[in-house]
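These protein sequence lines map, in sequence, to chains S and E. 1151 is the number of the first residue of the first sequence in our numbering; add one for each residue after it. 1151 is the number of the first residue of the second sequence in our numbering; add one for each residue after it.
One or more hints might be untrue.
With a straight-line cut-off of 30 Å between C-alpha atoms, the simulated DSS-like cross-links for lysine-lysine are [said to hold, decoys possible]:
#1 Lys1356/E x Lys1268/S
#2 Lys1268/E x Lys1320/S
#3 Lys1319/E x Lys1269/S
Simulated from the structure, these hints should not be mistaken for lab results.
Below are the chains, spelled out letter by letter.
2 protein chains.
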Amino acid sequence: ELVAALGGGEGPLSGRRFVVTAGPTHEPLDPVRFIGNRSSGRMGFAVAAALAEAGAEVDLVAGPVHLATPHGVRRHDVGTAREMHRAVMACIDGADGFVGVAAVADYRPASEAGDKIKKSAESMAVELVPNPDILADVAARNDRPAVVVGFAAETRDLENAARGKLEAKKLDLVAANRVGKDLGFDSEDNALEVFSAGRHWALSPKAKTALARELVAIIAERMLERESRSDERPESQDS
Amino acid sequence: ELVAALGGGEGPLSGRRFVVTAGPTHEPLDPVRFIGNRSSGRMGFAVAAALAEAGAEVDLVAGPVHLATPHGVRRHDVGTAREMHRAVMACIDGADGFVGVAAVADYRPASEAGDKIKKSAESMAVELVPNPDILADVAARNDRPAVVVGFAAETRDLENAARGKLEAKKLDLVAANRVGKDLGFDSEDNALEVFSAGRHWALSPKAKTALARELVAIIAERMLERESRSDERPESQDS
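Same shape as in the complex, but just chain S (with noise of 0.2 Å):
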């Protein structure tokens, strides 16, 4: 009954159940101040919702973002990259797909101030720790989801970057993005670049919503291409 309340319904992913992430991740300096990024979050909540769209079942974990969740999806709410990245590890077991597309801070304060930082006159140093990897942990998991998409917001070189991150954590596809002053973030409308080991999809600018819909069809060819060359599939795919 909770999968027909919460999008598993008909369609070409029907039986099938993702985890996304979306957003940007805050990474708290005092109790005031954080490190934070231009993600509107409104990619990663449309390819959600596309993909309860499409049938599946779909667990949101997002950031801080003032959006509504999509029907039909599963949301939860996380602050910081260490609480995303927890949160994804407790409902992955078992998800047939993951779609990781926040923009998760890579670097942390290595402390946070208990009371807000004082201002002085002199200029401070902030020492950043790199953050858990989700999307690389995702990928190397032994039971990994049968499909893995990273996201790449990139100033410059999008293949080159989409192509290095395709093959470094081991991803089925990468959706790539140029970002600048008033591209890809914070808008509307976007344009993305989909990479695969052996092929290219160049989905031109329009709609986040419409555009996740074609995101989302290519992941579903690519999730039936997987099923019906391999005997690998487990058979319990929606617990």
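Chain S is fixed; fit chain E onto it per the hints.
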């Protein structure tokens, strides 16, 4: 005509012009990452709206927030603390009041990377340098506005911090509120303790719009007191 269209109307502050700052500032680390803070901008927008309701002409200098411009208020959008400083200085000449509600970043990264910083396995240090102090610079002007009001968001020692700010920056009023994980920032309600050199007002928790009206009543009282005690008020205050 401009004054009439932009909130210079009937009320206790009729004929006076105020400059108000609101929201956070975002200090870029690279094209996608920034240091921000949890200010929603709601308190500052509510103060601007309440000043306009009280008959004042209002210039609102707003950091990156998703809020509608209050009726009759002239809005100037900015991103960083330095942009906010410039925008305030561009409209402060001849203003009768200044209310600094913005949570201006005290520090910014010493340099902004032109391209997105790549993740590495290693920790890194970011050097932060102090931003200009908008409130202190406004209060230190030869032709400073008759009433200069600061805000203080504090995790502890509210009164000491507020009275310290009042003296150090030579302010007329400081409105202080306690912040923490679930207080003050990013919420609809707030409570304020307002301090002048000789007085104290405790404004109990309520909606920010109602709280802003109470604060504006204190500001208006202060301004009328000041005008009745002084011949220094320039004739052409509505320039």
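Going down the list of hints, with the structure as the test:
1. Lys1356/E x Lys1268/S: 28 Å, holds
2. Lys1268/E x Lys1320/S: 18 Å, holds
3. Lys1319/E x Lys1269/S: 13 Å, holds
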